[in-house]
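Colleague: Those sequence lines, one after another, are chains A and B. So the first sequence is numbered by this note's numbering: it starts at 1 and just counts up by one. So the second sequence is numbered by this note's numbering: it starts at 457 and just counts up by one.
It should be emphasised that the hints constitute simulated quantities derived from the structure, not laboratory data. Everything numeric in this text was worked out from a predicted model, so none of it was measured. Among the clues, some could well be false.
Calculated cross-link-like contacts (lysine to aspartate or glutamate; reagent style EDC-like; alpha-carbon spacing at most 20 Å) [unchecked claim]:
{"#": "1", "chain 1": "A", "residue 1": "K347", "chain 2": "B", "residue 2": "E534"}
{"#": "2", "chain 1": "A", "residue 1": "K9", "chain 2": "B", "residue 2": "E561"}
{"#": "3", "chain 1": "B", "residue 1": "K560", "chain 2": "B", "residue 2": "E577"}
{"#": "4", "chain 1": "A", "residue 1": "K19", "chain 2": "B", "residue 2": "D546"}
{"#": "5", "chain 1": "B", "residue 1": "K673", "chain 2": "B", "residue 2": "E695"}
{"#": "6", "chain 1": "A", "residue 1": "K19", "chain 2": "B", "residue 2": "D580"}
{"#": "7", "chain 1": "A", "residue 1": "K9", "chain 2": "B", "residue 2": "D546"}
{"#": "8", "chain 1": "A", "residue 1": "K2", "chain 2": "B", "residue 2": "D546"}
{"#": "9", "chain 1": "B", "residue 1": "K756", "chain 2": "B", "residue 2": "E708"}
{"#": "10", "chain 1": "B", "residue 1": "K588", "chain 2": "B", "residue 2": "D610"}
{"#": "11", "chain 1": "B", "residue 1": "K542", "chain 2": "B", "residue 2": "E564"}
{"#": "12", "chain 1": "A", "residue 1": "K347", "chain 2": "B", "residue 2": "E535"}
{"#": "13", "chain 1": "A", "residue 1": "K17", "chain 2": "B", "residue 2": "D546"}
{"#": "14", "chain 1": "B", "residue 1": "K725", "chain 2": "B", "residue 2": "D662"}
{"#": "15", "chain 1": "B", "residue 1": "K712", "chain 2": "B", "residue 2": "D738"}
{"#": "16", "chain 1": "A", "residue 1": "K17", "chain 2": "B", "residue 2": "D580"}
{"#": "17", "chain 1": "A", "residue 1": "K2", "chain 2": "B", "residue 2": "E561"}
{"#": "18", "chain 1": "B", "residue 1": "K696", "chain 2": "B", "residue 2": "E708"}
{"#": "19", "chain 1": "A", "residue 1": "K347", "chain 2": "B", "residue 2": "E584"}
{"#": "20", "chain 1": "B", "residue 1": "K543", "chain 2": "B", "residue 2": "D610"}
{"#": "21", "chain 1": "B", "residue 1": "K727", "chain 2": "B", "residue 2": "D679"}
{"#": "22", "chain 1": "B", "residue 1": "K471", "chain 2": "B", "residue 2": "D662"}
{"#": "23", "chain 1": "A", "residue 1": "K2", "chain 2": "B", "residue 2": "E526"}
{"#": "24", "chain 1": "A", "residue 1": "K2", "chain 2": "B", "residue 2": "D506"}
Here are some chain A residues pointing at chain B (derived, C-beta under 10 Å) [to be verified]:
{"#": "25", "residue": "M1"}
{"#": "26", "residue": "N14"}
{"#": "27", "residue": "E253"}
{"#": "28", "residue": "S270"}
{"#": "29", "residue": "M437"}
{"#": "30", "residue": "K443"}
{"#": "31", "residue": "R446"}
Don't be surprised by glycine CBs; every beta carbon is placed ideally from N, CA and C.
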Amino acid sequence: MKQFGIVWKHEFLNYVKTKSFIGITAGFALLFVIILSLPSFFDLSGLIPGLPGGQTETEYEEQVPDAGSGGAMTGADGSIRTSGYEGTIYLCDAGGQVGTEFVAGLFPSARVVEASSEEELKTLVEEGDAALMEAAEAIGDGESEGAGGPRCGFFVESLGAYRYYVKNRSFSDQVEGTFVEGISYLYRNAELEKLGADSRAVERIYGFSPASETIVLGKDSISNFLYTYLMIFVLYFMVLLYGNSVAVSVAQEKSNRAMEVLVTSTSSNSLIFGKVLAGAAAGFVQTGVMIGAALASYQLNREAWGGMLDFVFHIPGTVLLAFAMFGLFGYILYAFCYGVLGALVSKTEDVSRNAGPVMFLFVAAFLLTMFNLQNSDGIVMKVLSFIPFTSPYGMFVRVAMGNVALWEIALSFLLLLGTVWLVAGTGAKIYRMGTLMYGNPIKLSRAFRMSREKNQ
Amino acid sequence: MKLEVRKIRKSFGGKEVLHGISFEVESGRALGLLGRNGAGKTTTIRVLMDVFRPNGGEVLADGKPFVPKEHKIGYLPEERGLYPQKKVLDQMAYLARLRGMGTKEARESGKWWLERLEIGEYADRKLETLSKGNQQKVQLAQTLICNPDIIILDEPFSGLDPVNSQILKDVVREQISMGRLVIFSSHQMGYVEEFCEDIAIINHGDIVLSGSLREIKHEMGMDRLTLSAVNYEAGRLAEKVETELSHLVRVEQVKKEYLILKGQCEDAKRKLLAALSGTDIDVAQTGMYEPSLNDIFVAKAGDGE
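Isolated chain A, as found in the complex:
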């Protein structure tokens, strides 16, 4: 036990004293702190919808004026929202049914400029107008988009037909969507008026939504989804990074022959258990520091966020406990597999090739869980939650998002513990034998056969 402690401490310090460990841990922790502190120092309401202080999405009835009249509309019932687009919109309204003021109402942060023809509109979208050019020259930018922001334009033939011109279309372009909603609204009003109906009354009827409140008495999969998703990724990367580190560390000791002295100085059990558990501890310390920094930073800046990230950071204790239990032992299970694979090769460059089967199993478990994440009570997830190589993901998902009985958790955990015990025992035997066999990588099947022989 004392020797295990010495190996564990040596290996743990090997991990945490490396520049890459310190750099990655401190770097990510700092990044989380900075990102989560930003709303306390800067007004990000324009970038992040829903942040306090932002007015990017307002009720249509408060903002959008009547077409052509410029007065405030009162008829719509919140079905259309304005856009926070901050560029220039050129409008050529051939049918005279829309008007620049209506468009300006839809895009309160944008500059709306009228164009006399479609040709002019096209040129303006491409090159910008005089005001934009002046602004660009004032800041010494030859490309006018730098001064005036993005540009686009609408050529409206009628309420039923338009063409959208855009200089550079961004991936998240929502201008057209807002515009469509706007002219559809105008079209509906015009048609309803032709029929003699009170368009505002109709809008109110169609825009009706009952006053409601959702009270979740069990688990809310919608709000649990994100942190479950993130925690699965954390476990995935932990196993991937630290599992491989364990394998490389074992292979290195074989390759530089330090193993020759080590196996005669201490038991092989102390060596492999020390290595695997030191890797686990290092992984948990790293993850803990990063997540801890994020949680602390969010708590300090929660007011500035208006509590909008509560659904990510307010993780229930049971979920954290499930993550700690299944995550830790799942990691240990895979780390033992990696440790054994490291003992079967003589060169570190052979590790990745030999680690293929474990990697395949691990990635398959991850993908199966991800594909079934939205069906946490389905039969696939139930099966995954009991197989020890997949239960670190499967049972965690069921605890976080699904319905699971306590006996199921207990059974799954016992199965996982039993498998860890079995793999650790066999792994220690293979490790003991494999560490002193040099040359070509030893096949896993041969290693199993040899591990069953007496007098290893």
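Keeping the supplied structure of chain A fixed, place chain B upon it in accordance with the hints.
Modeller: Just chain B now, kept in the frame of chain A:
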């Protein structure tokens, strides 16, 4: 302490590689464990140190089962290996702690041994920055850091220049004189002859010869004489002896400078000296033949055996 290895057998994957190895060694003496490459020396050492469990036989210390954990053992493996990217003293202290020393004691002992081997200035340097010879000395220092009762040295002189070899020789002699039990495995027979009073030769997993080196030499030299002449070179001298003195001796080996003769009758030495005076052979040197360890090794572990 008397360490006895008795009829050790070891198999890997159904193939037996040690077929009943036996030898013994005592504190204050060194045993030369010899054998060709792949003969089974390293496997024997690993069985001795409980890295491999034997399929048969036993290891005894003073008549009781030998438990390596209960003894301080210093092992210098043939396959040298430490951590290239770690500081010399740090890794020595780590390995010493695994062998039961406290942190402070391990570092102090490590420093002492580094100074003793004249590499004290490298204590805080990474191992990979040292020359091969100095790395070898670090390896020896880590072997001796815990003041072991049993020292197992596998090819300790490989890679050392004559000056460093002399330092190592002094250390090994010192350890033997301090009553340590030393098992010395090497292909450099000169060193084995210098240190070892006993030898055990392993060939294809069997002990083919073991015991006191002096007695073995005496036994293998029995009834054998050496003869060299001033007026005949060795080849012609052999012809002359075969022609004129074959009733007394037989030419067993023709060396570069002399012949090794085996007596063919009672009191062959005295009779040969008398007979030589009746020939034209101008004797340069004659005497009892004592084989070198190299000769013994070749005779016992060579292909002809």
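Colleague: If a hint holds in the structure, say so; if it does not, say that too.
Modeller: A quick look at each hint next to the structure:
| no. | hint | verdict |
| --- | --- | --- |
| 1 | A:K347 to B:E534 | holds (19 Å) |
| 2 | A:K9 to B:E561 | holds (18 Å) |
| 3 | B:K560 to B:E577 | holds (19 Å) |
| 4 | A:K19 to B:D546 | holds (18 Å) |
| 5 | B:K673 to B:E695 | violated (27 Å) |
| 6 | A:K19 to B:D580 | holds (19 Å) |
| 7 | A:K9 to B:D546 | holds (13 Å) |
| 8 | A:K2 to B:D546 | holds (18 Å) |
| 9 | B:K756 to B:E708 | holds (16 Å) |
| 10 | B:K588 to B:D610 | holds (16 Å) |
| 11 | B:K542 to B:E564 | holds (18 Å) |
| 12 | A:K347 to B:E535 | holds (15 Å) |
| 13 | A:K17 to B:D546 | holds (14 Å) |
| 14 | B:K725 to B:D662 | violated (35 Å) |
| 15 | B:K712 to B:D738 | holds (17 Å) |
| 16 | A:K17 to B:D580 | holds (17 Å) |
| 17 | A:K2 to B:E561 | holds (16 Å) |
| 18 | B:K696 to B:E708 | holds (14 Å) |
| 19 | A:K347 to B:E584 | holds (18 Å) |
| 20 | B:K543 to B:D610 | violated (24 Å) |
| 21 | B:K727 to B:D679 | holds (13 Å) |
| 22 | B:K471 to B:D662 | holds (14 Å) |
| 23 | A:K2 to B:E526 | holds (15 Å) |
| 24 | A:K2 to B:D506 | holds (19 Å) |
| 25 | M1 | violated (13 Å) |
| 26 | N14 | holds (9 Å) |
| 27 | E253 | holds (8 Å) |
| 28 | S270 | holds (8 Å) |
| 29 | M437 | holds (9 Å) |
| 30 | K443 | violated (12 Å) |
| 31 | R446 | holds (8 Å) |
Comparing the model with each earlier hint shows violations of hints 5, 14, 20, 25, 30; every other hint is respected.
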